[in-house]
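Novice: Here is what each chain is made of, one letter per residue.
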Amino acid sequence: MLIAQLSQTVLPLSVMSSDPVVLQDATRNLRGAHTKAGMETGIQFALDALAGKSAPEILVISDGAHDQALASLEPLLSQNNVQLSYVAVSKTSPNVAISAFSVRRYPLDKSRYEVMLELTNHSDDPQTARITISGDGAPIEVNPIRLAPREILLRFYQNLGGGNETLEASIAVEGNTDHLVVDDHAFALLPERKRNKVLAISPGNTYLEAALLLDEYLDVTLLEPTQPIPTQAFDVIVLDGVDVDLGQTHGARLYLNPSPTSAPLPIYKPIADFGFDTWNRKSPLLAFIAPENIQVLEGHAFKPQPGDQVVGASELGPFLVEGKRDDYRFVALGFDPRKSDMVLRVAWPLFLLNCIQHLGQRDGSDYSSFATGDVWRLPVPASANGVSLVGPMGTRTVHPSRSGVLTYAGELAGFYEILDQDHTRLSRFAANLKDTAESDLTVETQLTVGERVSSKPEGFQPRTRRELWVLLVMTALTALFIEWFSYHRRITV
Amino acid sequence: MNRRLIFASSVLLTVCATGAWATLSFIRTFSAQGAIAATFNGVSYELLQPNYLALVWLAPLLWFGLRWSLTDLPLIQRALSWLTRGALLSLLALALARPFTRDRSEAIATAFLVDVSDSVTDAAVAEALTSIREHLALAPQDAEITLIAFAERPALYPLPANPKEAQQLLPSVQALRQPSPTGTSVRSGTATNIQAALQLAYGVLPSSKLKRVLIYSDGAETLGDVASEAGRAQEFGISVFAIPYTVPPPAEVAVRDLTLPNKLVIGETFKIQTRIYATQASKARLQLFQDAGLNGLGGTREVELIKGENSFEFQSVVRVGGEVTYRLELTPLGADRFKENNTYSVTVDVPGRPMVLYVEGQPQRASYLANALTAQQFDVDVRPASAFPTSVSELSRYDFVVLSDVPADQISVGSQNAVEGYLRDLGGGFLFAGGVAGYSLGGWEQTPLARVLPVDMDAPQHKQMPSVAMALVIDRSASMAGLPLEMAKTACRATVETLRDDDLVEIIAFDQEPTRYVKLQPARYNTRIQNDISRIQHSGGTDFFPALDMAYQDISVAQARKKHVILLTDGRAEPRGIHDLVQAMLAESITVTTVGVGDDTDSDLLRMIAETGGGRFHLAPDPNSLPRIFTHETEMLTRSTSVQEWFPVTQTGSADFLRGVAINTAPLLHGYVATQMKPSPAQELLATDTGDPILARMRVGLGQSLAWTSDVKNAWAIEWLRWPAFSTFWGQLVREHMRKKSHRELDMQLSLVNNQLTATVDAFDDQEQFANNLHATLSLKSAASKTGETKYPMRQVAPGRYQSVLNLDDYGTFTLHGEYYRENDDGELVRMGDSFGHVSNPYPTEYQTLEGDAERLEAAALAGGGSLNPTAARLFAPQGKSIESRKYYWAHVLMVALVVFGLISLLRRVRLFDRSFQ
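Heads up: the protein sequence lines correspond to chains A and B, in order. Terminal number for the first sequence in our numbering: 493, no gaps in between. Terminal number for the second sequence in our numbering: 1411, no gaps in between.
Just so you know, these hints were derived from the structure itself, not from any lab. Computed from a predicted structure; not experimentally measured. Hints should not be assumed to be uniformly reliable.
Claimed, not checked - For lysine-lysine, the following BS3-like pairs were computed, each having C-alpha atoms within a straight-line distance of at most 27 Å:
| # | chain 1 | residue 1 | chain 2 | residue 2 |
| --- | --- | --- | --- | --- |
| 1 | B | 702 | A | 53 |
| 2 | A | 339 | B | 1233 |
| 3 | B | 800 | A | 303 |
| 4 | B | 1380 | B | 702 |
| 5 | A | 194 | A | 110 |
| 6 | B | 657 | B | 702 |
| 7 | A | 434 | B | 1284 |
| 8 | A | 282 | B | 756 |
| 9 | A | 269 | B | 764 |
| 10 | B | 657 | A | 53 |
| 11 | A | 303 | B | 756 |
| 12 | B | 832 | B | 1274 |
| 13 | A | 91 | A | 434 |
| 14 | A | 339 | A | 282 |
| 15 | B | 756 | A | 269 |
| 16 | B | 1274 | A | 282 |
| 17 | A | 303 | B | 764 |
| 18 | A | 303 | A | 269 |
| 19 | B | 764 | A | 282 |
| 20 | A | 282 | A | 194 |
| 21 | B | 1171 | B | 1233 |
Stated by the list, open to error - One-sided excerpt, in silico: chain A residues whose CB lies under 10 Å from chain B:
| # | residue |
| --- | --- |
| 22 | 10 |
| 23 | 45 |
| 24 | 289 |
| 25 | 477 |
| 26 | 484 |
Backbone N, C-alpha and C fix where the C-beta goes; we use that ideal spot for every residue, glycine too.
Please model the entire structure based on the sequences and the hints provided.
Specialist: What follows is the structure, encoded as structure tokens:
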């Protein structure tokens, strides 16, 4: 027998053994996980492990909640004459769950954010609950709520502000009608905001100045080309069609309609009456923008250099390019926005703020949490040579990273921290339950694999098999005891 | 039994029970604190099941047998027997308690995982086997060996645990590539799942040894995640090592990608890029297909491939909107192992051109506007009035509708209401164009359609009313004798009575020759005209050309703003010259209506005359209907306010579509229907020099309604047809007023990883806030499947963000369409947006990732606490680690118990003390 733990993935807890000690040890190592049941993965693993074994049997002990199609496994079970049995455990119980919780900053006003909370009543009775949303541990919203039977309720908390870093939602259900605690809490981390220092050099551009005013988290220095340039470092330098010597001033650069002498890449040719015919949909520069609607009167196409990435291009040539030069990163836009209808659209401030956020290397992610059971690819400094991960239970594990990414299969919901070798916190993130079906505490009495319906085997009792010698010794002990008396009372002599 | 004995027995029972209870309590207490252990000679002995020790308290109870023993053994021997029996019981209890000692082991158990997926050559697998053999040669004797081959699934290969024996019995390369001899599940080579192989290794490595896994692979993982699994392995005490294959991948050419622009426009050429990967320099023939045929702008090309990635461009153009599938087929002209990756398809949905419905009362003249709109990139559906759509849903197919020169009685009330619904609810664009049957000329006053037009059809009172000159050309041949001729005369009388006093009328009756019964004169001379009509008598045959020509000659010189001829006949005539005559009449703004009586009429000829002459054709099998037809025709003519004279057009209002169109250069128009503007929001855009509206528009609900009071063909607008800006004018007009999509196109982000497709859409409302609570569905359609599309719900996962995760189990190219609906205040679902995407899953990833990924293996080895390319010494070295194992002694205790049992037998059979017989 081999015992394996089934969460979203499968974890063998023992080798194939008939030793009850080994098997009992395995059961002692069973641990709960905040993930769904990867039933297909589990049965597939069992098939692999049973290959070549006589009278193979897979016994699934579960409440039967899973969301996978198992039909493809049926021929494999039949082909290998594997018996599949299913023992339902637990009992059907009512439950109210937080089935989704997330937070996003508004694209234009990043000082404010919106929270989404989804509650699911998995029972056939109405439920009354109290929702509490806490920011950095302190309650910021407390609402009573009533849920109809089987209701899925979405709630949005709009225009929230403040410097809360961590958000936690919890529900308290009235009465003894909430039988799963783990889904009563959900976690989210507000995408971090830092103040970007921006230097904008422009001969005068109302649209540029107005767009820069939209984000109060920008520390903007506006200069005309004739003014002296400060030597301090900026996060982003916006060069609005000007040709200036930046000297010792460092910072990533956003070029708007650069001239051939100021452009960071060669200008290929002038172009007219064009728009975005192709664009990189995944580029953060074009997030929330519909580029196909933008029409440009005139501009010029670039000739990208090796390593440059074309973000937007027309049939006439590329005109939005991102790249890196010796000591700075850049984004170059090959037209004056005022010679397009872009400045009349919301696309203009979005594009500008996207560029600043992207070049400023701030966290532009909208994701406020990861999902348990998934493989998390966590960004860490590329130079980090082994970072540690502190989980919700406080456990700290050291992990190597590869190309600035730490890969981890997380199974517990809560807040995590990534620490460097000096135990300095590099980043935080939240993880939440992925599968809402796991919150439905309805026990399935059968496990269906294709047309094969498995249920509890006849006479099945969940007990450990006894070893024969133990029984023999017990028998011998009893016999010796009885024989003692029969001998002395001459019963058998 | 005396009291002392009873008391002693009671005490003994109490002591035993108390002792057993105390023992169990002691064990329970100490078990909670740790194992029950005792140390002898520095060795710690522990009990696995210490509760069994309570059985020792059975031994004192043996005294009862001794006290009442009937044996004749000496007391000392009986006592000795009691002690040995008690010892035996105690030993059995001790065996059941299972004493054990803990031991530390440095023995290694190693699982060798060998990647045998399709991307791995036999030479690489042989390299792995050689490496395993070398490692085994240096493995310690107590090492335990396991061999697992894996591709999509892992399979265990039975080997002797001893490394030396295992070294001799390693399977061949071919055996490893076969499905496992142990009868595993189906194992496909089309994927690489190192994670599954690691998981299986957990289940075969014994817990009593230090566990090691050594992975041989190219690192091109297509399923699972080995790095995260390796981290987990380390948490469970398994060290993961890896050796990347050094043998290069097989000679292979693969189409990696086929990229089309995000936006395709019909008729515009665009570039298609393809990336082709070759493991060595080679040649190949590329064929690009557009749907079933070769790409028109270069479909076949022979190319030189360098080692690594190659990029090539094709040009193409799409002529018809809808789904278009591009398929690149690569024919290798050198070595190539896999055929599966030689084809790549992409399907895109090309939006069609805007669709215009053009319903023309004179379809033979529809070509002018239709051609102009086609030149402006519109698809034009020209229909006669009889085919006008009758429902809003039918109209919804069109972005703009033109209704030109059609009388009201040919468009049903239902159709007119549908136009209103199309404007109000669907936001459509509608142009009502004039002509001889437009506006009041066609009886459009007080109709549902009149309500939505920006002009009023009631003629302004202050304007000079146009006069009418009408010629009635009546067949008086012999075949008309009787009722037909009488009813024709009645129709003529009714016509005269309907005309205004100043209107001119002439009546010509004809057989072979025409006779002018009523000369052209004002209708006020009613009595005289009635008498003249009574004189008409039947005679002779039928030839209406001379009569028509006479009417033309007479009426052409008349001073009237409208000139009209009604020709009535029941027979046939020589058509020669008639067409030219009617064209000449129309050139002088004389319109002709024809009426056929009876069954022998030449309907085709009469219809031709009416259509050429800008009038109407009426077939009257029953002569009794003639007065009604004549009256109706007359009413249309007299009631109308059509103006037929040359006049210039001036711009009176501003509109975007008029930018770039120099109206002051427009030629003169030659007629219009006089109307007057409705109050605001109706807006006049163009007018005559006398101030009558020519073009006006008005918003109706979500749509725009336009009125063009002249015509759009070679009658009143004949000079405009030669205007260079004619096409631009109409194209821009339609483009500005055609139906705008009331919903947005939302960007769809697609990610395909391990055959799992994730579609994510961000939705914002008009205020650029997150659009929440949308009803979102995603439709997935395979280009190859004929079964239609599959719909999936999209779940809201964050403010404004909707997501659907689905498994793409099939290979091919797929189009995706997301639909987003918002619930309005009435609970109805209103479409808020759409999103489109396409994704290709052309063949298993195994055939795409041909390069090894040693970095991935290194990351896994680091995460698993091991290293890359370990030596045998490193692999089998405990590295300061040891693993705890248990040594059980229950068998030893039972052996001692057996010895004691022999001693008991001796004590029974041999009288050791007091050997004299008593």
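Novice: All hints, please: hold or fail.
Specialist: Here is how each hint holds up against the structure:
no.	hint	in the structure
1	702/B - 53/A	holds (23 Å)
2	339/A - 1233/B	holds (25 Å)
3	800/B - 303/A	holds (25 Å)
4	1380/B - 702/B	holds (14 Å)
5	194/A - 110/A	holds (11 Å)
6	657/B - 702/B	holds (18 Å)
7	434/A - 1284/B	holds (22 Å)
8	282/A - 756/B	holds (15 Å)
9	269/A - 764/B	holds (19 Å)
10	657/B - 53/A	holds (25 Å)
11	303/A - 756/B	holds (22 Å)
12	832/B - 1274/B	holds (25 Å)
13	91/A - 434/A	holds (22 Å)
14	339/A - 282/A	holds (26 Å)
15	756/B - 269/A	holds (23 Å)
16	1274/B - 282/A	holds (23 Å)
17	303/A - 764/B	holds (17 Å)
18	303/A - 269/A	holds (9 Å)
19	764/B - 282/A	holds (20 Å)
20	282/A - 194/A	holds (23 Å)
21	1171/B - 1233/B	holds (25 Å)
22	10	holds (6 Å)
23	45	holds (6 Å)
24	289	holds (8 Å)
25	477	holds (5 Å)
26	484	holds (5 Å)
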